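> Modelling step: build the complete structure from the supplied sequences, incorporating the hints.
2 protein chains.
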Amino acid sequence: MATTDESFSTDDIRSDEPLVHAQTVWFDEPLSLERGGELPRIRCCFETWGTLNADASNAVLVCHAVSGDSHAARHDEDDQPGWWDGLIGPGLPIDTNRFFVVCPNVLGGCRGTTGPGDLRWVSRGPEDNGDGDPAGGQTATEIPYGADFPRITIGDMVEVQRRLADHLGIKKWRAVVGGSLGGHQALQWVSRYPDCTQTCIAIATSPRLTSQALGFDVIARNAIQTDPHFQGGQYYGRPQRPDTGLAIARMLGHITYLSVEAMEAKFDPDRHDPRQIASQFEQRFSIGSYLAHQGQKFTTRFDANSYITLSMAMDLFDLGGTRLKLMETFDECTCDFLLISFSSDWLFPPAQSREIVNALTALDKRVTYAEITTDAGHDAFLIARDMATYGPLVQERLWQSTQKPQDTGSPAAKPNDTEPPVQLTVAEESILDLIPAGNSVLDLGCGSGELLAAIRARHSNTPMRLMGVEVAQENILATAMRGIDVIDYDLNNGLPAFIDNQFDVVILNATLQAVENVVALLEEMLRVGKRAIISFPNFGYKALRDDYVTRGRSPRAPGEFDFDWHDTPNRRFPTIADVHDLLVKMGVTIDQEIYWDVSQSRHIDAGETPNLNADTAVMVIHRD
Amino acid sequence: MATTDESFSTDDIRSDEPLVHAQTVWFDEPLSLERGGELPRIRCCFETWGTLNADASNAVLVCHAVSGDSHAARHDEDDQPGWWDGLIGPGLPIDTNRFFVVCPNVLGGCRGTTGPGDLRWVSRGPEDNGDGDPAGGQTATEIPYGADFPRITIGDMVEVQRRLADHLGIKKWRAVVGGSLGGHQALQWVSRYPDCTQTCIAIATSPRLTSQALGFDVIARNAIQTDPHFQGGQYYGRPQRPDTGLAIARMLGHITYLSVEAMEAKFDPDRHDPRQIASQFEQRFSIGSYLAHQGQKFTTRFDANSYITLSMAMDLFDLGGTRLKLMETFDECTCDFLLISFSSDWLFPPAQSREIVNALTALDKRVTYAEITTDAGHDAFLIARDMATYGPLVQERLWQSTQKPQDTGSPAAKPNDTEPPVQLTVAEESILDLIPAGNSVLDLGCGSGELLAAIRARHSNTPMRLMGVEVAQENILATAMRGIDVIDYDLNNGLPAFIDNQFDVVILNATLQAVENVVALLEEMLRVGKRAIISFPNFGYKALRDDYVTRGRSPRAPGEFDFDWHDTPNRRFPTIADVHDLLVKMGVTIDQEIYWDVSQSRHIDAGETPNLNADTAVMVIHRD
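Protein chains in written order, with full-length UniProt numbering: chain A, 1 to 624; chain B, 1 to 624.
Keep in mind the hints are simulated off the structure, nothing from the lab. Take the hints with a grain of salt, since some may be wrong.
What the hints assert, rightly or not - Listed below are several chain B residues computed to face chain A (Cβ distance under 8 Å; list not exhaustive):
#1 Ile248
#2 Leu252
#3 Asp315
#4 Gly321
#5 Ser554
#6 Phe573
#7 Leu582
Unchecked claim - Below 30 Å or equal to it, Euclidean Cα-Cα: the simulated DSBU-like pairs (lysine-lysine) are:
#8 Lys172/B <-> Lys365/B
#9 Lys542/B <-> Lys585/B
#10 Lys325/A <-> Lys542/A
#11 Lys585/B <-> Lys530/B
#12 Lys585/A <-> Lys172/B
#13 Lys365/A <-> Lys171/A
#14 Lys585/B <-> Lys542/A
#15 Lys542/A <-> Lys542/B
Keep in mind that this is a model prediction, so the values were computed, not measured. Each residue gets a CB set at the ideal place from its N, CA and C atoms; glycine is no exception.
Here's what the structure looks like:
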């Protein structure tokens, strides 16, 4: 049963095996650290998949989460599982047939890249430099850094990865990708090096931790640092390590990775029925024995000083607490963005991804954002089922403007090859005619992106800024799969992501009738767009009036009006005259009105009493 | 500024002063414990307010939460603050001018009632019994119970409180009231002694903990029990206590008491600006220094063994994980219930209070339930602002069928004295006529309870089971203030609280047009009620048709139809014929149809083309 599956947790899909495919490189240039101090010499341990192409344009950097490592995916069938096997591999979204994938262990960790458990390196002093020593003027002491390991930041982690890129001959990444702390690294890369990558993909992440998440980290560090075996961090070589504190820290982490619903499904049916394990920790309750097991297991593969180092780096991470600050952070970025959050993630709640999205949209960066509906909590980014949902978004974003591999037998085709055909109504065709080449266009309630795709096709020789807003997950995915930027927003909450006059045209096509806050949304459209185009079914259409008067039923007619009164998706039923009245009352200028009887594909002239004879209206409006 | 106020936390409003108003009583009869073993002799420490009346019918038991104590309220102006000062006092909801209020410290705690820190009592053996020793055959040893304190349950806590009631001469409580663990005690009282109280008020509580909350408790106990100074619980008399573990446990508790929004407001603006305190714990970040301060402070007033004892009692508490089990739990209760939850409480989420409410409504118990909208999290039950919102519900419930005090100068009047007058439309009057005396009635979307109040007034000599369902907080409060049971539910989610054929009549008055899932709700009404009465505005009314046809606008008319198309609260617009068609299609029997032109207070006969001439329809329906 899926709900009691042990693998329903990040911990179990992270390898604790030796990293047999890892390579190691030493960087002998001292690294000056963001918060002061330096690391004289750094080892970087990493894994790669696929082949770097001739112009080094196909390299994808994958960044791991706090207790992850470089083993992101299997290298072959006999290999240990990786933590992103569902995403990285031949024909998968991060396609190792076409990309050269690099996943380094982070600075400060305990999986091969320099961290607190390593022997300390010191400079020999300037007089000793340049003597041809392979360690470049540095020498290793006999004792590990321990608690003397300097305070590092996510920026410092990125610096090491940058040296790795130089070492591998990579000038610019095709993409930088990561979830959780990995997402922080991806965002740090582009904020520090605005031209470092073509694409930035940040999953289940945030501009900085919530105070709640920060509080959990503080408690976890307190548990480790007050463990009597911690010994101020110099426990290496002693008979006992601060395993108790580290296990408690990990137990706490585990709860924050799961949603309350997922925990309920996993532990509630047998809450009084603990698993039998040997432990110094309480084992009463199934959740108790599970936490004891996970906490203990973690101490066999992770170092307490690394945990403190990495969690503190995460806690210090702060791209900005306001949109203005975040806009400064990302101002110069040249990449496009994909952000993904998970509905039940309460450690990195979707609202935090939206903060980043709001800043990026205000900067007019290319960005797609989807909130995936799941009960798997923060862990979702590592869960196969959720990977299957969000993977296509990663794939589409990476495969865009990327050469196909020579191996055309690749099991997955480029998504645009199978893009569904676009079928527009005559009213939608007339919207198309209203948009000149080169205009920037925002389509609110864009559905599966048909209209935006048609605009792109019409002006295929002119680059145009096209963007959709949607709230239904399947529509967001469908629009993104067309290669069109789309963000996940409920129009009833206004358009907080956008700034004044950001788009040449804002479209509301066949959506007005489904909106609750009509006036507020129209005002927002007129704020964000230099012009707005609204298209809506006219509930003053004669077939409806006839039906209403003669049948005495809630009016109904074929086409857009063919719903039962008790389950129509519509909640507003305006006539052309109603909308006209409202726009006049709002002081809006109506630039153009186009009327259609779509049911007969017939244009209705202004003199033909459109309020009676048109079933659809298109209005171009603006506010002076 | 309120958001940075230190008092925005339960901890700061709980006294750590000596309990100068506390009284003590010893119970010499051994207490057999629910999970085995016994406590030979028990001390109970408690506080009281007000005066017990001659027939001992005015006693209210107040039960405290896990780290609270008997000092629930000030005894006079010079007294230390109590933790429920906003609720208990002269003229307050738990009015000490009319009630005799009793608040005991819980068994297993560390505030005077027998707990792990007390010297252990042992039986002297049967041969020594009855020798007139004031300790009744028991003798104290020289060592505290410590970890040998037996595992107690919330049922055991209730047993001690029951002895206290006997001691005070209280046969039946006017009310048993509590929040969080105090709510657990209140629920345990009525499940164990179904006739023990007239009213049970359970606030911010649950039938059992979520697996998430259980997990946090397990981690807290692990932190205490692995503290090297814990010494298996026998740390009394030693130079050091397990203060580190206890402080970490308390830090964790603190986070769970606050909502993520409240933490953000309190700590985010100055996140990098810690308060200056002396501590062994990490003080970086404002949240870090706050947690260090709270954790340390707690160790000066609380005993680690008590914390373990009480949290384990809470974790073992389990009134049932299914509605059927909960129905068995409360089956024989004779009291009425008030349940209150808080929207941002994630430790005891509102859904858990609903589980209890669903069981109680299925049992046809008298119950009112309100989910209070607040960002204060679990702590809300102790926050003055939220107390001011939910206090009136407590007051109304307690003052019902209670004699007024002799002191008529009491600052607060009985709410029913100021009950707003009821004004019904002619259509509503006709609903009234359809309900015989003695019928049980459920009113869906009951508004402020006017129709139910009118039914009660019409049949004032006949006891009738009347109940409302509402979703708007102000309407729930208004209905409850009339002394009518009401529960907080969104009709779009069906009627899961109710069982088949539970009510003689289920009413949906002027609400059909605002519901999204019309068919599902009608089916639910026909399941729950032997008969259903629906009353709705007829959107086939001639004034609307005329308006629509002649003006070409979304139809509008005075009265129920006088809304702008773009901000009407309605989302369905059926005519009488529409509803008639639907009911026929659903296979529902229509027993009676009554039509009104409410705008002219005129009855419309069936022969007068009601679909055209009535503005309001009343239909009585049932399913065979």
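> Indicate, hint by hint, whether the structure satisfies it.
Okay, the hints, checked on the actual structure:
1. For Ile248/B, the interface hint holds, since its Cβ comes within 8 Å of a Cβ in chain A; the closest pair sits about 6 Å apart.
2. Annotation: Leu252/B was flagged as interfacial toward chain A, and the flag holds, the nearest CB pair being 6 Å apart, inside 8 Å.
3. Using the Cβ-Cβ criterion of 8 Å, the hint placing Asp315/B at the interface with chain A is satisfied: the shortest such distance is roughly 7 Å.
4. Given the 8 Å rule on beta carbons, the hint for Gly321/B holds: about 7 Å separates it from the nearest Cβ of chain A.
5. With 8 Å as the threshold, the beta carbon of Ser554/B comes within range of chain A, its nearest partner Cβ sitting at about 5 Å, so the hint holds.
6. Look at Phe573/B: its Cβ gets to within about 5 Å of chain A, closer than 8 Å, so that hint holds up.
7. Hint status for Leu582/B: holds, given a least beta-carbon distance of 6 Å to chain A, under 8 Å.
8. For the proposed pair Lys172/B and Lys365/B, the alpha carbon gap of about 18 Å is at most 30 Å, so the pair holds.
9. For the given pair, Lys542/B sits about 25 Å from Lys585/B by alpha-carbon distance, which is consistent with the 30 Å threshold.
10. At most 30 Å may separate the alpha-carbon atoms for a hinted pair to count; Lys325/A and Lys542/A exceed this at roughly 54 Å.
11. For the given pair, Lys585/B sits about 20 Å from Lys530/B by alpha-carbon distance, which is consistent with the 30 Å threshold.
12. Between the alpha carbons of Lys585/A and Lys172/B the distance comes to roughly 65 Å, so the proposed pair goes past 30 Å and is violated.
13. Proximity of Lys365/A to Lys171/A is assessed by CA-CA distance (about 22 Å); at most 30 Å being required, the pair is judged to hold.
14. At roughly 28 Å between alpha-carbon atoms, Lys585/B and Lys542/A fall within 30 Å of each other, so this suggested pair holds.
15. Of the pairs offered as hints, the one joining Lys542/A and Lys542/B holds, with about 18 Å between alpha carbons and a cut-off of 30 Å not exceeded.
In summary, the structure is inconsistent with hints 10 and 12 from the numbered list given earlier, while agreeing with the others.
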